[in-house]
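S.K.: Two chains, two separate frames, one set of hints: put the complex together.
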Amino acid sequence: MAEFESRGCRLGRIELRGEWAGRCSLVVNRQQGDDGEGGDAPSASLRASSLDSRRDAGATIGVLGHNSFPMNSPLQDGLAIEFRNVVYRPANGQEIVSGLNLEVRRGETLVLLGRSGSGKTTTLKLINDLVSPTSGQVLVEGRATTEWDPIRLRRGIGYVIQDAGLFPHFTVERNIGLVPSIEKWPVERTRQRVLELLQVVGLEAGMASRYPRELSGGQRQRVGVARALAADPPILLMDEPFGALDPLTRADLQREFLALQKRIHKTVVFVTHDLREAILLGTRIALMEAGKLVTALATEEFVRSHDPLVKRYMEAFGAPTGNGCEVQHERAAVRDSESQ
Amino acid sequence: MNVLQFVIQNHNEVLELTLEHLWMVVISTLFAVVIGIPLGILITRRPGWNKPVLGTVNVIQVIPSLALFGFLLPVPWIGASSERLAVLALTLYALLPLIRNTYAGIKGVDPAVVEAGRGMGMTDRQLLWQVQLPLALGVIIAGVRVATVISVGLATMAGMIGAGGLGEYIYRGLSMVNNQVILAGAIPAAALALLADVTLGWLERRLSPA
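Protein chains in written order, with my numbering: chain H, 1 to 340; chain D, 1 to 210.
Derived by calculation from the structure, the hints in this document are not laboratory data. Heads up, the beta-carbon is just placed ideally off N, CA and C, and yes, glycines get one too. Please note that the accuracy of each hint is not assured.
Claimed, not checked - Okay, the calculated beta carbon distance ranges per label pair:
1. D/112 with H/115: 15 to 25 Å
2. D/198 with H/213: 21 to 31 Å
3. D/202 with H/209: 22 to 32 Å
4. D/107 with H/90: 14 to 24 Å
5. H/144 with D/38: 54 to 64 Å
6. H/251 with D/30: 51 to 61 Å
7. D/26 with H/195: 43 to 53 Å
Stated by the list, open to error - Covered stretches of chain D (chain H as the covering partner; in silico rule of three or more C-beta atoms under 8 Å from a C-beta of chain H):
8. 76 to 85
9. 115 to 127
One chain only, chain D, in its complex shape (with noise of 0.2 Å):
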């Protein structure tokens, strides 16, 4: 029995996993935009913030997925859900790529700019809604499409503590040493990888200024 013919015997399965996978990964992603974004514009505008934060956010990023799982476990209402888990992990983890490159990018708007802006009476909230922001988008963008092909790869790792998502037919894969089940898995994971990849790469040139 190939890999084809496998996912055609249980396409409904793999349809299901494969949607929970996204929906893990664009909740992830929506949350760390919501938290990264503004956390690295802050960090712009307080200068003492910036290594504090970046440094935390690095930190989070070096723990190894299967340890942070183990720490998230006891906290009381997130661990008592595997999927919670998962997205509270995945989250963490596209933390670092959105602020570093919200901050990164707001900091690389040329200074002559800014000045000229302020120069002529914006105020701090028009220069950045109307300046910085809009000259940074292409960086953060880029910032969205690392942590999702991040968080794409590592919801595999959800699979494991019973999360479901394609990490699901992995460990399955693994456990009945079956080849064609860990592909059955792998292969629409690196799919969805890639599919995300393009399309916020696309999304990344379109809205880069010039």
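Only chain H is shown next, with the shape it has when bound in the complex (with noise of 0.2 Å):
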């Protein structure tokens, strides 16, 4: 395991100096450590396999298998979400997107990152049609936002956001169950599938039946990504589902976030001004700025990056640039502990 994060720590011990260097060969030490131990498969099989142990993954725990949605193709790799030269524009008002190209990879957590203001958001409901592009395409599984019935787009795609949103005279049971039961799923078997969501969120059966009002911000946050995952979704949007929690709880469901995106693949769209969480949570991280993207680089690549907007970023965030190990060791820890 953790082709990736030994990957990044090696090149970070070549480039890395003075204390951050010790601290990041010390993740190496660790990383290889491990991976002597556990005699863990060479990663590049890894990355080829990747396809068959993703559809073990789904299937052993139950979270894959209600496929509806004509997005959820074939399993292959690809791009689940395109941007074409999007500008938004409100009505009567300033760009808020500008000229806006990305792709989003089937399977990957891209992190939108950015200041408050800089369009993260926006870019987030313009994939599920909240927003319309003023010029340029959204392509979601290769079509046109536009071209979709805004209604099944949507209903294939996970959306939680800050707060989560929930609906505050349904129970936890109705909230989770409800993109189910207005796509007409059997009563029983909707049922079953939110006693099967409250598990996979780490939430008591019993939970079920209160209302958002009795839960904590931790557990109202853990329903809305239950109820996110309702119906399968292949698409996850994630508007700063963590913003409103306490560092301690926030720690947690980061976590877990990562540890059931390890098991059920989401093509996840995460927006975050915190680039903690960014470079903890993201294969990707797209920095935007004013409505434009600045870059869009995988993690690792991120942290090193000689960019100027990123290394303002990072330094905002009491880290040196070239730094981030700190952070991929805490990840690579996450993943080690959910390997065993």
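M.R.: Structural data, given as structure tokens:
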């Protein structure tokens, strides 16, 4: 396992100097040790067999297998979402998204990172057509969002927002079962699915009859994630889902999200302004500023990027540029503990 | 002779007028609900419509009730019967609180909740019936409550145009300069208003989410 992390940090060791270099080489040693003891398969074959393992992983926990969406086509590598020269300008206002070109590959977790007002939430809403491009196209599974029936499109895309946006007058069960119920699933199947999902997000079955106001912030957010996963959409949009949580709960949910994503391999687009969260969760990070894409790089390249804006962002979070191994260490640890 | 004696002596007539009064209020409030709530919903769906609609019902509201009866008198079928006239006038007055509260109730639903619903692929109709109306119900019932209480008071004006109801005692008492007769109309009317207020207030609390 951990081809990605070990490769990242090995490169890190070459480049880094001083105290950070010391920390990163520690990470590398740990990684190598784990690799040795665990006797994992070589990384190359891990990549190649990812399609099969993806299907297996899904089947065993029962998260996949309710394919009712046209976009749930055969598992294949490729683009799930594509922005082509997308401009969004509200009826009487300034451009919020300008000339955006961005691709989201199937199964990756793309983090849209940027400060408030940089257009990342709007970018997210362009994907499920809550906002339509003024010009340009957003392709979801190869088809422009404007050509999709918006209802079909949205039911195939899970949507998680800050504070969960749960329906206050619905119980947890009805909240999670919302999309199945409007998709007219049989009642018993919806019920089963809800119980299954409560388990997936780490909530007790007894929570099903509670109302959102009777839950803690962290529990509500878990319900929000479960609700988004209910009809097993291939794509998941998450808009600062952990932003309103206390640091400890947030760390828990981030860790669980990583573990979950490792099993279900959704295509995830994740909006955050928190660099640490971006590095921890993203396989790729797209930095946005004033409606424009600054850069979109694999996480390990992002943390070493010499782009001035990336560097400024890194400095703002108290990390000397060229680091990132600390967080990647955390991430590797999560993956290790999950695989045991 | 005090009020109580008067009421006891004329209990049949008091009951009849009270029921007439109640009937006018119930019928006109029902009409107002049937017209006002859909209209209130409609103006949340058509952005340009809320100002003209709310403006119109606002204007109706400020027409003095006596003048409104006068305006409606020449209307063909309506003007021919004082009961119809009274019910129409009461309906018109009840529209404002209903339309305004329906509109405000739906607009007041947390936009994040509505957006979450839309983002999950709910149709406009599903959003309305499953999310917006249930969450706005308390505010809408509050509108019904205000409309009903106003109607109970206004329906006394119907006595003046011979449409019956407890207003009849009030006007009879006024012309006879007899306080007992006035009170025999006013006290049951006030009791009706209180009763409507308490009942609908209870319903409002029951139906308000969280």
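S.K.: Hint by hint, say whether it matches the structure.
M.R.: Hint-by-hint comparison with the structure:
1. D/112 with H/115: 15 to 25 Å: holds (21 Å)
2. D/198 with H/213: 21 to 31 Å: 27 Å Cβ-Cβ, so the 21 to 31 Å window holds.
3. D/202 with H/209: 22 to 32 Å: holds (25 Å)
4. D/107 with H/90: 14 to 24 Å: holds (19 Å)
5. H/144 with D/38: 54 to 64 Å: Check failed, 36 Å falls outside 54 to 64 Å.
6. H/251 with D/30: 51 to 61 Å: Roughly 57 Å apart at Cβ, these two residues keep to the hinted range, so it holds.
7. D/26 with H/195: 43 to 53 Å: holds (47 Å)
8. 76 to 85: Three-residue rule not met by the segment 76 to 85 of chain D, so violated; n is 0.
9. 115 to 127: holds (count 10)
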